[in-house]
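Q: Residue strings, one per chain:
Number of protein chains: 2
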Amino acid sequence: MISELSILDCFQHLVDKKSDKLIVGSGDDAAVIKSQDKDLVHSVDISKINTHFPKDTRPEDIAYRSIAVALSDLAAMGAYPSFISIGLTSNSSDLGWYKKFTSGVEKILNEYQMHLVGGDITKGEVSVCVNVFGYAYEKNILRSTAEIGDLIFITGALGEGRQGLSDWKNKEKSEYIQKFFNPKISFCKSEYISKYATSCIDISDGLIKDLGSICKKSGVGAEIIFEEIPITNDIDDLYYGDDYKLCYTCSPRQIDNKLISKDYLIGKITSQKELLVRKENLIFDFKKNGWDSFA
Amino acid sequence: MISELSILDCFQHLVDKKSDKLIVGSGDDAAVIKSQDKDLVHSVDISKINTHFPKDTRPEDIAYRSIAVALSDLAAMGAYPSFISIGLTSNSSDLGWYKKFTSGVEKILNEYQMHLVGGDITKGEVSVCVNVFGYAYEKNILRSTAEIGDLIFITGALGEGRQGLSDWKNKEKSEYIQKFFNPKISFCKSEYISKYATSCIDISDGLIKDLGSICKKSGVGAEIIFEEIPITNDIDDLYYGDDYKLCYTCSPRQIDNKLISKDYLIGKITSQKELLVRKENLIFDFKKNGWDSFA
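Chains A and B, in that order, give the protein sequences. Under our numbering, read the first sequence as residues 1024 to 1318, first letter to last. Under our numbering, read the second sequence as residues 1024 to 1318, first letter to last.
Here chain A stands alone, though its shape is the one from the complex:
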């Protein structure tokens, strides 16, 4: 019979890892994280079966993707990751499932040099609540500080995750499938964005909704040029989400900045308090909004 203890044992080698950042690791009532002379950046993200990933997703990919998606919020704050904790719900009674899940956790922990400091586990439909913790590279970049006249950049193409999920469902081989199940978070970009940007958000719910959030929080508007946006499929890539690229604004004075000029300049911040998409030099009527798990 599978027991909570036998499942927790699958994670033991991960939480046993020594770190000078950790005073007490997992296995006690709580973890104790060493005090640092830096403000702590923290975010929570739930990934649920059938909502955030399909039913037949491999357990190692469930782990990897759930954690990557949560990390994306740190990158969007101009912060690097330091540790995570996981609240896992699963109804699998196969210990192999948990071992595979753990291998996905280990893979991403190693990739981003993070520590797993604890978590909880309970029985039910698969759902992963990931808590991420980090510290700012230079300073935290908020959604609420875009300024009129700022340029708008995105750090990569939209729609790759969407394409990957579609290819996977159609059992096609494609380079995009990994982009859905194992999205890479561009912390190297987050580092220079934390120096130069005036505002930033990660494109998880779709560019329209996420840039819309910058506009709303900053009390400004935006105009973006469809032809300048690197897309994978069609105009729906602008609202689909699952991109985990960054959208940021910065002063026009940064236009020749070597790091920023490698990103995609897609528009500018305006004073009109609305988000306009210009396509073939006409204003495109964009009725759809982005991702909403309750809609």
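If you're looking for bench data, these hints aren't it; they were derived computationally from the structure. Because the structure is a prediction, the values reported are computed rather than measured. Don't take each hint at face value.
Since copy identity is lost for identical chains, a pair holds within one copy or between any two.
As the list claims (entries may be wrong) - Below, in silico cross-link-like pairs of lysine-lysine (DSBU-like), each with a Cα-Cα straight-line distance of 35 Å or less:
| no. | residue 1 | residue 2 |
| --- | --- | --- |
| 1 | 1240 | 1061 |
| 2 | 1296 | 1240 |
| 3 | 1041 | 1296 |
| 4 | 1291 | 1196 |
| 5 | 1240 | 1122 |
| 6 | 1218 | 1194 |
| 7 | 1196 | 1130 |
| 8 | 1192 | 1044 |
| 9 | 1285 | 1123 |
| 10 | 1040 | 1239 |
| 11 | 1146 | 1078 |
| 12 | 1057 | 1296 |
| 13 | 1239 | 1122 |
| 14 | 1041 | 1123 |
| 15 | 1196 | 1044 |
| 16 | 1061 | 1078 |
| 17 | 1041 | 1291 |
| 18 | 1040 | 1296 |
| 19 | 1123 | 1040 |
| 20 | 1041 | 1196 |
| 21 | 1239 | 1044 |
| 22 | 1146 | 1240 |
Mind docking chain B on chain A? Use the hints.
A: Coordinates of chain B only, in the frame set by chain A:
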């Protein structure tokens, strides 16, 4: 139609509260928590419908109980709470449900002077992943540091939550019902325990399992006297759980300590690496173990 935004609006007044501990509250990609010259104590706890609370539990009680249960782990570490974040899964399409849930969150935030710093919400069977954060009163008290010859204390009666749930199911009026739905966490006890105890754990999975964990982690055994244990119902109170009292060990030199002498002395730590329950001066054969959500 209910939307993620309309639900998040229910929480807005809670996360908008100003605090000198918070640099960025909720509403951005992540929260930013002010650096403190103290190690951070962190724990995660999932409470799921039908597993950790019954189906018809009021939303305000789901919130209160889920958070209280998570806080209990901080108390067991000799730490006081400072802030929390919540990963909420719910399939309710009634905005009133979320308002009631929020009122339960607000109640317990006020009771323990904590701040809600963020969270996530998704659609599904009701489940609350609560992340708690705090700092040690004096020092953290681990499970692994009990010593042979130490005395074993518990801070309150066992089985009250069990009785409360039973009374509620039988539609009886009783003082115990609140003990199940709104358990109080004794941080005032945690404060002196953090000074005097050699080890500590919260009794959430049942005394037998939880004291067993102290023994296992400390490489010691324990002998407890059934007649000295304050119970509410019968001997099953020793393994049922849902108590959220503390079980701690301390040196016999503390026997006359005014604070500790108010708690219940139930036994002593032995060298025998097993947990024995003595009843009517005989060794009671305790086959049952404590709570396991997978068993």
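Q: If a hint holds in the structure, say so; if it doesn't, say that too.
A: Here's how the hints hold up against the structure:
no.	hint	in the structure
1	1240 - 1061	both (25 Å within a copy, 33 Å between copies)
2	1296 - 1240	within (10 Å within a copy, 59 Å between copies)
3	1041 - 1296	between (50 Å within a copy, 27 Å between copies)
4	1291 - 1196	neither (37 Å within a copy, 63 Å between copies)
5	1240 - 1122	between (42 Å within a copy, 24 Å between copies)
6	1218 - 1194	neither (42 Å within a copy, 61 Å between copies)
7	1196 - 1130	within (23 Å within a copy, 52 Å between copies)
8	1192 - 1044	neither (41 Å within a copy, 46 Å between copies)
9	1285 - 1123	neither (37 Å within a copy, 48 Å between copies)
10	1040 - 1239	between (43 Å within a copy, 20 Å between copies)
11	1146 - 1078	both (16 Å within a copy, 15 Å between copies)
12	1057 - 1296	between (44 Å within a copy, 32 Å between copies)
13	1239 - 1122	between (43 Å within a copy, 24 Å between copies)
14	1041 - 1123	within (22 Å within a copy, 43 Å between copies)
15	1196 - 1044	neither (41 Å within a copy, 50 Å between copies)
16	1061 - 1078	neither (40 Å within a copy, 43 Å between copies)
17	1041 - 1291	between (47 Å within a copy, 32 Å between copies)
18	1040 - 1296	between (50 Å within a copy, 26 Å between copies)
19	1123 - 1040	within (19 Å within a copy, 41 Å between copies)
20	1041 - 1196	neither (40 Å within a copy, 51 Å between copies)
21	1239 - 1044	between (37 Å within a copy, 26 Å between copies)
22	1146 - 1240	between (38 Å within a copy, 25 Å between copies)
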